[in-house]
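When you get a sec, could you build the whole thing from the sequences and use the hints?
Protein chains: 2
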Amino acid sequence: MKQDGPLSHMIRQLSVLPGLGPRSARRAALTLISKKDDMMMPLIRALSEAAEQIVTCPVCGALDDTSPCRICSDPSRDQGLICVVATLTDLWAIERAGGFRGVYHVLGGVLSALDGIGPDNLSLDDLKTRVAENVPREVILALPATVDGQSTAHVVMDILGAHDIKVTRLAHGMPIGGELDYLDDGTILTAFQARG
Amino acid sequence: MKQDGPLSHMIRQLSVLPGLGPRSARRAALTLISKKDDMMMPLIRALSEAAEQIVTCPVCGALDDTSPCRICSDPSRDQGLICVVATLTDLWAIERAGGFRGVYHVLGGVLSALDGIGPDNLSLDDLKTRVAENVPREVILALPATVDGQSTAHVVMDILGAHDIKVTRLAHGMPIGGELDYLDDGTILTAFQARG
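Protein chains in written order, with the numbering used here: chain H, 2 to 197; chain C, 2 to 197.
Fair warning: there could be bad hints in the mix.
The list makes no distinction among identical chains, and a pair is therefore deemed to hold if it is satisfied within one copy or across any two copies.
20 Å max Cα-Cα, derived DMTMM-like pairs, lysine to aspartate or glutamate [as the list claims (entries may be wrong)]:
no.	residue 1	residue 2
1	K37	E50
2	K36	E53
3	K36	E139
4	K36	D121
5	K129	E139
6	K167	E134
7	K36	D186
8	K129	E53
9	K129	D165
10	K36	D79
11	K36	D66
12	K167	D185
13	K37	E53
14	K37	D66
Note that these hints are calculated values from the structure, not bench results.
Shown next, in the form of structure tokens:
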């Protein structure tokens, strides 16, 4: 394989995707080329279409092909109830679960000294402006139950503290269908303390 | 996320790649869109270029942007020495190792009753025609050391049996740098029997 040929170039571009390394990128490239009409051309079309049409919602920071996004512009969603999430995948997880009828604010990650993510890398200022312009009734912090997630939650609470907003967090406890024997000690302890 | 929007369409197309499932496809899609100029546009360009330029070599079955491929058309490679491999990734592995100066024949897989891959799915007929037209001095069977790989090797040997060709196989034994304690019994036994 020529090192600067189209095949190795394609493999290099695929291998930087999260979840794909050099070996799986080679395998993916071969599969794509051997199924040019069934896989490769549809992928190229889908990527080009997405690159052209998808924009960041100026209100909540989610991605959609409309601006503001479908959720922010949906009149049936409660604009007084904002759920703060770290990433868009977390937003999707909540939407898949169903049941939440408020709107979101996507921070774009959590604070992480290790990864060099500070307050300026997250959409904290946008959240500050957003709640100042239109004070919500309640803000739900749906941030990861990790050290970084919880320190991010503290920073968000500081921002919200300037207003009279009810701030809640997702409950901790046993996952539905979870077996005690397979749960970590922290979760069991929390579930005991929050029993009711 | 709208189920038929460009974002979900892109994720669906990514998730059919080997090595990516729905979850990693979502993560890859988000990374691509957040790095549109650095990752997404170069990937689209690389894929389009590859789709346009890469062809299957009519001689050996490898992929390249020239036809015949660079290896088949290289006058310094020994056309009388053919190395039969299952896949293009195996060819690349041998090229990375260096040292082999012959040419290849890419079968496109190995026989597998489980995966429904029969003789007609491999380029066995091409090999038959190729060796009949230009009888090589030696054919090296560099097929996987699995049951399917070895039954494929037998079929290839049947094809070659019609001509006076020296047929060899890759040696089995300890990998360089391998420790006995971490090797499987079959490899140790083979290495003992082939000692010298």
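Classify it for me, K36 with E139: is the Cα-Cα distance of at most 20 Å met within a copy, between copies, both or neither?
Neither way: K36 and E139 sit 50 Å apart in one copy and 33 Å across, limit 20 Å.
Under a CA distance limit of 20 Å, which applies to K37 and D66: within one copy, between copies, both, or neither?
Classified as between: cross-chain Cα gap 15 Å, same-chain 27 Å, threshold 20 Å.
Same-copy or cross-copy closeness of K37 to E50 [CA-CA at most 20 Å]
both (18 Å within a copy, 12 Å between copies)
Give the relationship of K129 and E53 under a CA distance limit of 20 Å: within one copy only, between copies only, both, or neither.
neither (30 Å within a copy, 49 Å between copies)
K167 and D185: within-copy, between-copy, both or neither at 20 Å Cα:
For K167 and D185, the Cα distance exceeds 20 Å both inside one copy (30 Å) and across copies (61 Å).
Could you place K36 and D186 in one of the four classes (within, between, both, neither) given a Cα distance threshold of 20 Å?
Answer is neither; intra-copy 48 Å and inter-copy 39 Å both fail.
Alpha-carbon proximity between K36 and D66, which holds within one copy, between copies, both or neither at 20 Å
between (28 Å within a copy, 17 Å between copies)
Is it within, between, both, or neither for K167 and E134, if the alpha carbons may be no more than 20 Å apart?
Within. Shortest intra-copy distance 17 Å satisfies the 20 Å Cα cut-off; inter-copy 82 Å does not.
Between the shortest in-copy and the shortest cross-copy C-alpha distance, which are at most 20 Å for K37 and E53: within, between, both, or neither?
between (22 Å within a copy, 10 Å between copies)
Quick one: K36 to D79, C-alpha cut-off 20 Å, is that within a copy, between copies, both, or neither?
Result: close neither inside a copy nor across copies, 45 Å intra and 31 Å inter.
Up to 20 Å CA-CA - E139 versus K129, copy category
within (14 Å within a copy, 74 Å between copies)
Within a copy, between copies, both or neither: where do K36 and E53 come within 20 Å Cα-Cα?
between (25 Å within a copy, 13 Å between copies)
In the structure shown, a violation is registered for the earlier hints numbered 3, 7, 8, 10, 12, in ascending order.
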